[in-house]
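Colleague: Just so you know, the sequences run in chain order Z and W.
Numbered per this note's numbering, the first sequence spans residues 1 to 112.
Numbered per this note's numbering, the second sequence spans residues 113 to 225.
Rather than coming from a laboratory, the hints here were simulated on the basis of the structure.
Virtual Cβ for every residue (Gly too), placed ideally from N, Cα, C.
Hints should not be assumed to be uniformly reliable.
Unchecked claim - Far from chain Z, some chain W residues (derived; all Cβ distances over 10 Å):
1) G128
2) G140
3) D142
4) P155
5) Q160
6) Y162
7) D174
8) N189
9) E213
10) T223
To be verified - Which stretches of chain Z does chain W cover? Using the computed rule of at least three CB atoms under 8 Å from a CB of chain W, they are:
11) 11-25
12) 44-52
13) 67-75
To be verified - A few chain Z positions that, by computed beta-carbon distances, are all more than 10 Å from chain W:
14) Q6
15) G60
16) P82
17) S85
One-letter residues, chain by chain:
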Amino acid sequence: DQQVKQNSPSLSVQEGRISILNCDYTNSMFDYFLWYKKYPAEGPTFLISISSIKDKNEDGRFTVFLNKSAKHLSLHIVPSQPGDSAVYFCALQSGSARQLTFGSGTQLTVLP
Amino acid sequence: DAGVTQSPTHLIKTRGQQVTLRCSPKSGHDTVSWYQQALGQGPQFIFQYYEEEERQRGNFPDRFSGHQFPNYSSELNVNALLLGDSALYLCASSSGQGFNEQFFGPGTRLTVL
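Excised from the complex, chain Z in its bound form:
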């Protein structure tokens, strides 16, 4: 059973416009919600996080929104830049080991 779903395998956006990446989850046990970015031949890099007690967190061009009632997480990137082109994973944290449960990823392509 997939606890975390990213239903869009890919997304293309024009440079300067907004990119919106989405993530849905089924279990309420998660207490932190994270976004990671991954370039080819590199490990995932932490981007931004939000605690379950908040509904929005902003860091520069990146904003994460959490809708707990809908069990939905989104990442907004504005303005999008070509260097943002990468695979984006949502990752939900839980348990005593703080282990991460990842979605399957969304390939973002920002077109110049």
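Use these hints to put chain W onto chain Z, whose structure you have.
Modeller: For chain W alone, kept in the frame of chain Z given last:
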């Protein structure tokens, strides 16, 4: 400051063989987690080591085992390799309680023929 390092970068094995992957955590980190990323999927949690003990385990068979050394580095061992074990194996290090950012290494690409 070196980040998380993993070795080897790539590995090719045949079915039934055994493999050992290695990970050195980021300086100052005492906790190492291992993840398996199959093609087209997100990483899946295998297990975590802290104070040289396995603290938590994901849904993986006991063919997958690990070890953590006093210097916090870690090994992942996989016995009786199956074709389905072909994947990118990622090591992540972290420190502390509560929310903690996990720093990932570049991974080891294992191919089982």
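Colleague: Each hint should be assessed against the structure and marked as holding or not.
Modeller: Each hint tested on the structure:
| no. | hint | verdict |
| --- | --- | --- |
| 1 | G128 | holds, 29 Å |
| 2 | G140 | holds, 16 Å |
| 3 | D142 | holds, 13 Å |
| 4 | P155 | violated, 5 Å |
| 5 | Q160 | violated, 4 Å |
| 6 | Y162 | violated, 8 Å |
| 7 | D174 | holds, 18 Å |
| 8 | N189 | holds, 19 Å |
| 9 | E213 | violated, 5 Å |
| 10 | T223 | holds, 15 Å |
| 11 | 11-25 | violated (count 0) |
| 12 | 44-52 | holds (count 5) |
| 13 | 67-75 | violated (count 0) |
| 14 | Q6 | violated, 8 Å |
| 15 | G60 | holds, 17 Å |
| 16 | P82 | holds, 22 Å |
| 17 | S85 | holds, 18 Å |
In this structure, the hints that do not hold are numbers 4, 5, 6, 9, 11, 13 and 14, in rising order.
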